[in-house]
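*Asks:* The residues making up each chain are set out below.
2 protein chains.
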Amino acid sequence: MERIRRSVVLLSGGCDSAVTLALARRECEEVYALTVAYGQRHRVEIDCAAALAASAGATAHRILEVDLSGWGGSSLTGHGPVPKDRTPEEAGAGVPPTYVPARNTILLALALAWAEVLEAEAIYIGVHVQDAGGYPDTRPDYLEAFARTAALATKAGREGRGPEIRAPLLHRAKGEVIALGRDLGVDFARTSSCYDPAPDGAPCGRCDSCRLRASGFREAGVVDPRAAAGEE
Amino acid sequence: MERIRRSVVLLSGGCDSAVTLALARRECEEVYALTVAYGQRHRVEIDCAAALAASAGATAHRILEVDLSGWGGSSLTGHGPVPKDRTPEEAGAGVPPTYVPARNTILLALALAWAEVLEAEAIYIGVHVQDAGGYPDTRPDYLEAFARTAALATKAGREGRGPEIRAPLLHRAKGEVIALGRDLGVDFARTSSCYDPAPDGAPCGRCDSCRLRASGFREAGVVDPRAAAGEE
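As you go down the protein sequences, you meet chains D and S in turn.
Per my numbering, the very first residue in the first sequence carries number 30; after that it's consecutive.
Per my numbering, the very first residue in the second sequence carries number 30; after that it's consecutive.
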């Protein structure tokens, strides 16, 4: 892939966005990391994002506050419990309560704004279709539709200079993502995947995201530096 | 048009969104007004939005803070001067410095999130193609692309229950918008259009938006209750 000058990377602080950031660093001269604090139950991910951006050598890291917790609709913003101890089949059946309405559209819209100011050539997002739970906004048809919107939404897009939407993990299984991150030198100790961590940031080990993370490390044959004692 | 149960209305506090709110009130049982404080130079519009929502009988009004001023890119968020005393031809030539990158995509994405939580059947936005300055994100092709994205972005959309994007002013001239607002009983004293008002909220009368507003009232033969003394 041709090396580009500048990109915006959506950085949540989880494994997927950490690996996406490392890929973007390889493909771009400068990466600008964007973390959106959207009213999550906790700030652990956001602290991880800051550490990841620094260690990956991002040119800048911006944390934007957009509090979506006020209108409810998701257990990730404090409305209802986070499901625990579900099998992959249970987690994959339908849209889970941890779904945050329109989250990726909000994230991509904000990244699009910053990308236009920076004249960035790409926006990176770490979604993949095998993500737990059948989220609607992690699928190829959605990303294609957003890219079409982006091309018409901005001055840069109308002039044919709008950013490409890159989702390099889209068709990778979780184990492949972890293996790729290992090969790229991602420091997984600085990532957080848990939907419901302890006050000290320790993962619960039981939510869908912890379980998917564990399966990914297991498939890749990599030891998770953040796994609770006694876990694989 | 068939009356629907519930909608989200993007309410900036300007004339167009005030008229859009009045139309939505006529077409929907309940309207939920959303104002985004995106780091504008001033809060005059936002105070107007609150007054408009109350006077129109909105079921709820939410003001969401999303500070886009940090990354620059627009004179509306404090980066560079607001152009003054331009002719309509000058104002309409190219994208003006008051363009806020990806603004409507951010606004629509946030409205989409709230609409999904509320199970709203429509999102109203007061854009029109004759708006000053050739903004990229006020055109029919853009709105169609966003609607397509919205249908794929959310759980509701995937299930065929996603909100319709309604832009009822899209093809109306400014004068028609003002005349329609008059017929619907919109209190234009509670609207603010100025890009650069005085500290007391008084319009400058010289920016593109003030000039477009004045031409709209003039075309409609309506007296603007907020026009500066000596203006038409």
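Everything labelled a hint here was simulated from the structure, so no lab data went into it.
Computed from a prediction, not measured in an experiment: that's the story for all the values here.
Careful, some of the hints might be misleading.
No distinction is drawn between identical chains; accordingly, a pair holds when it is met within one copy or between any pair of copies.
Capping the alpha-carbon separation at 20 Å, the derived lysine to aspartate or glutamate pairs in DMTMM-like fashion look like this [what the hints assert, rightly or not]:
id: 1; residue 1: K113; residue 2: D96
id: 2; residue 1: K184; residue 2: D170
id: 3; residue 1: K184; residue 2: E119
id: 4; residue 1: K113; residue 2: E59
id: 5; residue 1: K184; residue 2: E148
id: 6; residue 1: K184; residue 2: E205
id: 7; residue 1: K113; residue 2: D225
id: 8; residue 1: K184; residue 2: E118
*Asks:* Hints the structure violates: just list their numbers, smallest first.
*Replies:* 1, 4 and 6
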